[in-house]
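Student: Chains as they are written, first to last, in the numbering used here: chain V, 42 to 495; chain G, 2 to 236.
If you are wondering where the hints come from, they were derived from the structure by calculation, not from laboratory data. Don't take each hint at face value.
Stated by the list, open to error - Mimicking DSBU-like on lysine-lysine, the simulated pairs with C-alpha atoms at most 30 Å apart in a straight line are:
#, chain 1, residue 1, chain 2, residue 2
1, V, Lys277, G, Lys228
2, V, Lys382, V, Lys338
3, V, Lys129, G, Lys224
4, G, Lys224, V, Lys338
5, V, Lys307, V, Lys354
What the hints assert, rightly or not - Okay, the calculated beta carbon distance ranges per label pair:
#, chain 1, residue 1, chain 2, residue 2, range
6, G, Glu49, V, Arg478, 57 to 63 Å
7, V, Thr184, G, Thr174, 32 to 38 Å
8, G, Lys218, V, Ser263, 33 to 39 Å
9, V, Asp273, G, Ser100, 52 to 58 Å
10, V, Leu53, G, Gln180, 35 to 41 Å
11, V, Thr69, G, Gly106, 52 to 58 Å
12, G, Asp58, V, Thr69, 40 to 46 Å
13, G, Arg80, V, Tyr65, 24 to 30 Å
14, V, Ser263, G, Asp71, 58 to 64 Å
15, V, Ser195, G, Trp221, 27 to 33 Å
16, G, Ser217, V, Tyr65, 20 to 26 Å
17, G, Thr174, V, Leu57, 34 to 40 Å
18, G, Gly106, V, Gly357, 41 to 47 Å
19, V, Ser263, G, Gln180, 54 to 60 Å
Stated by the list, open to error - Some chain G residues judged to face chain V by a derived CB distance under 7 Å, without partners named:
#, residue
20, Met8
21, Val11
22, Tyr140
We put the beta carbon where it would ideally sit given N, CA and C, even for glycine.
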Amino acid sequence: MNRRWWIAPTLLALLLVVSGIWGYNQYTMKNRYEVALENHYQRLFFDVKKHVDNVQVSLSKALVSDSKEQNVLLLSQIMNEAYFAQDKLSQMPITHAETAKTEKFLNQAADYSYHIIQTHLLGENVTKEQREALTNLQKNSATFNGELAKLHASMMESNFALGELSNKQSRRVEEGNEKVFQTSLVSMDKQMSKSPELIYDGPFSDQMLNRKPLGLGGNNVSLEEAKRIATDFFGKDRVARLEVFEQGENASEVRIPAYTFHLYPKNQQKDLAVYIGVSKKGGKVVWMVNPRPVSKKTLSPKQAEEKALKYLKEKGFESMEANYSLKYDGTILFNFVNKEKDVTIYPDLIKVKVALDTGEIVGFDASAYYLNHHERTIESPHIDETAAREKVNVDFNIDSVRLTIIPKGKNEILCYEFKGKHNGADFIVYINALDGREEQVLQIIEDDNGTLTF
Amino acid sequence: MKRFIVMTTVFIMLFLSIFLFYESNNKVGTASKYNMYFAPRTLYWGVEGADVKTVQDKLLRWGYYDGYVDGIYGARTYRAVIRFQNKNGLNPDGVVGPSTAQALGMVTTAPSSAQGVSRKSDEYLLARAIHGEARGEPYVGKVAVAAVILNRTRSPSFPNTIAGVIYQPLAFTAVADGQINLTPNKDSINAARDALNGWDPTYGCLYYWNPATATSKWIWSRKVVLKIGKHWFGL
Chain V
42 MNRRWWIAPT LLALLLVVSG IWGYNQYTMK NRYEVALENH YQRLFFDVKK HVDNVQVSLS
102 KALVSDSKEQ NVLLLSQIMN EAYFAQDKLS QMPITHAETA KTEKFLNQAA DYSYHIIQTH
162 LLGENVTKEQ REALTNLQKN SATFNGELAK LHASMMESNF ALGELSNKQS RRVEEGNEKV
222 FQTSLVSMDK QMSKSPELIY DGPFSDQMLN RKPLGLGGNN VSLEEAKRIA TDFFGKDRVA
282 RLEVFEQGEN ASEVRIPAYT FHLYPKNQQK DLAVYIGVSK KGGKVVWMVN PRPVSKKTLS
342 PKQAEEKALK YLKEKGFESM EANYSLKYDG TILFNFVNKE KDVTIYPDLI KVKVALDTGE
402 IVGFDASAYY LNHHERTIES PHIDETAARE KVNVDFNIDS VRLTIIPKGK NEILCYEFKG
462 KHNGADFIVY INALDGREEQ VLQIIEDDNG TLTF
Chain G
2 MKRFIVMTTV FIMLFLSIFL FYESNNKVGT ASKYNMYFAP RTLYWGVEGA DVKTVQDKLL
62 RWGYYDGYVD GIYGARTYRA VIRFQNKNGL NPDGVVGPST AQALGMVTTA PSSAQGVSRK
122 SDEYLLARAI HGEARGEPYV GKVAVAAVIL NRTRSPSFPN TIAGVIYQPL AFTAVADGQI
182 NLTPNKDSIN AARDALNGWD PTYGCLYYWN PATATSKWIW SRKVVLKIGK HWFGL
């Protein structure tokens with residue numbers, strides 16, 4: 042018995058050593074990860090600083106320079122640097138609430154530069170308002186830059202680690218440092234919100250974001266009326282029950298204020314409800330989704346298209362034409378666009394999804410249609426087709442031509458649409474029918490499921 | 002007694018060393034499932050699945066295969082594939098890769114017009130985000146979450162790409178705790194597709210939160226629009 046007294050202590054000692062090694066391993070691993078993360082965040086911070094520096098300098102130069110050529114170069118630099126700064130700022134471990142306005146400023150600065158580049162390329166000079174807007178942007182980026190510089194200095198002093206912002210455990214310890222960071226960001230954000238709205242025509246401009254639907258007129262409908270409209274749309278005798286989605290107090294501040302319903306169809310499981318949205322103004326069905334599964338596909342795309350067209354006629358959309366299609370999950374999705382006087386009007390877009398088993402319509406989306414549809418006075422083209430054709434690249438083999446209206450910012454323009462091939466790939470080229478300018482080039486991506494444009 | 006103790010020691014050491022050097026490889030599962038939905042995977046001896054069934058069915062009809070169409074890539078399937086490859090001038094390796102699959106008529110590779118451009122990666126990332134964030138929600142709630150992500154890409158206050166929005170630090174809890182790496186189910190993928198095709202049950206909302214779990218006070222200062230499933234959506 043005496044011989045074995047050492048076994049238990051040895052075992053324990055071994056255990057201790059092994060767990061010690063394990064713990065040490067974990068510790069070094071954790072440190073390595075932390076350092077890697079910290080380095081990454083530091084890099085982002087310094088990059089943001091540098092990019093904002095460049096934005097500010099280029100903006101100042103653009104205000105001094107008087108030549109369009111020089112300005113185009115400077116503005117494209119501003120665009121690049123502002124996008125970079127925004128992209129990197131959004132990757133830092135800071136809550137969205139603290140950077141929303143700054144990000145918006147950077148995005149709009151980039152977008153606005155792009156807009157001015159376009160006007161320059163059309164040969165127009167910078168207007169007084171644009172110059173003022175640029176001055177404003179310059180001031181804003183200068184304050185932003187100043188704040189970043191201050192922040193940078195205080196970070197250097199206190200040896201502040203950004204990585205710890207995302208780590209809740211060490212929050213209390215670093216609270217002092219964190220406050221430095223957060224307060225300067227919040228003050229920056231406040232500064233940004235004071236600057237006036239930029240008025241221009243680009244995807245990120247406030248005017249585009251706050252657009253109101255053009256295609257919805259008439260009086261507001263009551264909830265009861267909307268219920269009736271929704272049931273009638275789906276088919277009165279097919280609805281077993283209807284439920285309303287709960288609404289918040291600001292429900293009328295969205296682009297298309299609407300009532301949203303669950304419809305429980307007869308002969309279907311409870312969880313497979315149909316969803317439908319009815320606009321408050323005018324009482325139109327804006328969208329509908331029926332997520333039922335489709336098992337066997339029996340219909341051809343052509344048959345499905347006929348079903349969809351018939352459905353649209355029933356719903357009061359007379360002159361629609363199918364354009365692109367996409368097959369997925371036993372359904373086929375068609376993009377229908379309005380056609381008036383042989384002109385295809387792309388902004389008036391309705392999407393219809395057809396189930397390939399019974400031909401039932403399982404999806405409907407007219408939000409784009411109601412956003413854009415209005416009485417249009419379509420001008421007759423100022424240049425004829427042959428003249429427009431000459432504007433197209435010579436290497437381009439044209440398959441078809443037609444007159445279309447395409448959206449450009451918040452405006453619409455009349456164009457000749459040339460579909461064709463270049464280097465084996467499919468493209469669409471739009472030539473302005475009024476002044477012969479090349480407005481847009483789209484690439485068509487076809488795979489076995491359908492067609493997409495890029 | 003002594004032997005017992007020695008054995009225990011060895012076991013404990015083994016156990017601990019497993020802890021020490023073990024690296025979880027659950028990512029593999031995600032990757033192979035990904036292929037099931039999105040890209041034809043490479044088939045070889047030992048794999049199972051519906052795609053194996055397709056191969057067996059085709060080889061059976063063309064007289065290369067004489068076993069059961071059971072979806073298990075076994076010896077018979079292997080030999081049948083080699084026979085098929087020999088006959089069709091392919092490298093007889095018994096593996097159904099891209100060229101063999103094409104010869105079998107299983108994949109229609111994208112025509113040259115695509116030149117590698119496709120929407121599949123966006124679709125899959127979005128589906129993963131939906132799955133992580135809104136697994137338990139009704140279908141429309143899933144589409145709504147995807148719509149919020151897409152609305153953010155169009156808003157100046159947010160990053161401009163889908164990945165940028167999803168991986169923005171502190172934006173989504175499912176990203177922070179790794180739930181985003183779960184394999185999405187068919188429902189999430191369908192919801193992602195519907196959202197990418199333009200359906201937006203939120204009418205342009207940029208935020209959503211679950212009133213039961215939302216921790217940020219700031220989120221309640223948003224404009225409240227509507228409730229879908231458990232989530233409130235707002236501007």
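Student: Just pull the numbers of the violated hints for me, sorted ascending.
Tutor: Of the numbered hints given earlier, those the structure breaks are 2, 4, 12, 13, 16, 19, 20 and 21, listed in rising order.
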